[in-house]
Amino acid sequence: MNLQIEVRTAEEFIQVVPIGEIDVYSAPAFKEELFTVIQNTKKNLVIDGEKLDYIDSTGLGVLIGGLKRMREKGLSITITGLNPNVHKLFTITALDKPFNIKGA
Amino acid sequence: MNLQIEVRTAEEFIQVVPIGEIDVYSAPAFKEELFTVIQNTKKNLVIDGEKLDYIDSTGLGVLIGGLKRMREKGLSITITGLNPNVHKLFTITALDKPFNIKGA
Amino acid sequence: MDRIDLRVPVKAEYVSMNRLVSSSLASLMGFDIEAIDDIKVCLGEVCNQCIQLADLKAEYLMIGFMRDEELLRIEVSVDVVNEGNELTASGLEMSRLIVETLMDDFIVAQENGRVRIEMSRRLEA
Amino acid sequence: MDRIDLRVPVKAEYVSMNRLVSSSLASLMGFDIEAIDDIKVCLGEVCNQCIQLADLKAEYLMIGFMRDEELLRIEVSVDVVNEGNELTASGLEMSRLIVETLMDDFIVAQENGRVRIEMSRRLEA
Ligand SMILES: Nc1ncnc2c1ncn2[C@@H]1O[C@H](COP(=O)(O)OP(=O)(O)O)[C@@H](O)[C@H]1O
Ligand SMILES: Nc1ncnc2c1ncn2[C@@H]1O[C@H](COP(=O)(O)OP(=O)(O)O)[C@@H](O)[C@H]1O
Chain R
1 MNLQIEVRTA EEFIQVVPIG EIDVYSAPAF KEELFTVIQN TKKNLVIDGE KLDYIDSTGL
61 GVLIGGLKRM REKGLSITIT GLNPNVHKLF TITALDKPFN IKGA
Chain F
1 MNLQIEVRTA EEFIQVVPIG EIDVYSAPAF KEELFTVIQN TKKNLVIDGE KLDYIDSTGL
61 GVLIGGLKRM REKGLSITIT GLNPNVHKLF TITALDKPFN IKGA
Chain A
1 MDRIDLRVPV KAEYVSMNRL VSSSLASLMG FDIEAIDDIK VCLGEVCNQC IQLADLKAEY
61 LMIGFMRDEE LLRIEVSVDV VNEGNELTAS GLEMSRLIVE TLMDDFIVAQ ENGRVRIEMS
121 RRLEA
Chain B
1 MDRIDLRVPV KAEYVSMNRL VSSSLASLMG FDIEAIDDIK VCLGEVCNQC IQLADLKAEY
61 LMIGFMRDEE LLRIEVSVDV VNEGNELTAS GLEMSRLIVE TLMDDFIVAQ ENGRVRIEMS
121 RRLEA
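Protein chains in written order, with this note's numbering: chain R, 1 to 104; chain F, 1 to 104; chain A, 1 to 125; chain B, 1 to 125.
The reader is advised that the hints may include incorrect statements.
Claimed, not checked - Per label pair, the in silico range of CB-to-CB distance:
#, chain 1, residue 1, chain 2, residue 2, range
1, B, 13, R, 40, 49 to 59 Å
2, F, 43, A, 101, 53 to 63 Å
3, B, 1, F, 42, 54 to 64 Å
Just so you know, the hints here were simulated from the structure itself, not pulled from any lab data. Even glycine gets a Cβ: it sits at the ideal position worked out from N, Cα and C.
I would like the entire structure built from these sequences, with the hints used as guidance.
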């Protein structure tokens, strides 16, 4: 599969780093990993998008599901470092509003 | 086309740098460039293979044709810096012998 | 006009390969990097849509690329469509929106248990 | 077994795209980087061979990829073959040698004005 997922715990937040592509094929694996992190965290979540080469609507759907769960816990998701091609999809789908998107 | 060709003139030799892929599609353009260089040179030829990502039998055929012409003029062709995948094709076709192949 | 046809099993696993074919072709046609990426994204979405709509009985996804001087037209279809899977299902909305935004034309047709999606993008002069 | 079919015009321009499909598929199957490259090289050579053998009347190159658990089999064919183009033409020798060396099996058949090339590579355990 063209996706690796790293999880790093910082003092203030927990960071998830998807490396590669989140598409219809890799989205189930990403969902499982992300939702496990969300279930177990009491900290806000940061998704480091710098090494995310590609995301499709399936991947965006998983992020929406994750945000819903985080909000139920009173927590937030911040997404950083998205490349312009990936960021464009957040803009088109108006997901740049519910997510806290930071950086170029 | 997935091939660019740079030609550099040094004191002792003339250098041809194919960047990208020499395959059945780009080989005619490579042949034209190479044969023009060969026609006009009195120096030995060095082909810098470091940025050559791919070559097929068509490209090897052009190199053979070039070598024949250089030998008629009493000159040689040296090939440098081939990556292992490309070098492998010179070995399989026994072209590592007529060409002077140098470096990793 | 040149036509390229690709027939692949209706599986998520192959969507990345389908995307590659579209970007390779768009690159040959001389689209710029951003347009190549748009076309790749949309081909992926259209495959996703077909996979979501397809019945378990559906075996193959058919992708036809029609290449003109100034236009790339892509037709994607799947044989057996699950009647329960509405073309308006909520999961498809984002996917549709993406393709509508990035392509010049986008048509979805469902007829005789077969879904056919067509989209195209013009090469800017 | 999964089967992928690609139909492309018999033109040098599309060979790089055909190669991409083969390497993408080999990668999905879990071949290592060197084997992926071997398969890509051989697919390119087999397309070259078909293009060299094809008549001007030949329109399409057909490439079938048969994917098993442990084997990738590739079948390439072209409809109209120019009788003047001998399968033993000297320009083809290097190309043949490369495929023979890098693949586990390699068969060339010519029948009824049609050339069909088959090759396969096993996944090492
Ligand atoms: N492809 C999609 N397009 C639009 N919305 C989506 C998509 N996928 C998921 N969603 C939204 O995200 C939310 C969470 O979905 P999901 O991840 O399936 O979790 P769950 O089904 O457990 O709520 C859903 O309420 C749905 O509205
Ligand atoms: N694909 C090939 N396989 C083996 N030998 C080749 C191939 N292409 C060319 N050659 C050899 O290289 C030599 C030069 O070929 P070419 O570049 O066509 O120049 P010319 O036709 O002017 O001699 C030929 O004598 C031929 O034997």
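Going through the hints against the structure:
no.: 1; hint: B:13 with R:40: 49 to 59 Å; in the structure: 52 Å, holds
no.: 2; hint: F:43 with A:101: 53 to 63 Å; in the structure: 56 Å, holds
no.: 3; hint: B:1 with F:42: 54 to 64 Å; in the structure: 59 Å, holds
In this structure, none of the earlier numbered hints is contradicted; all agree with it.
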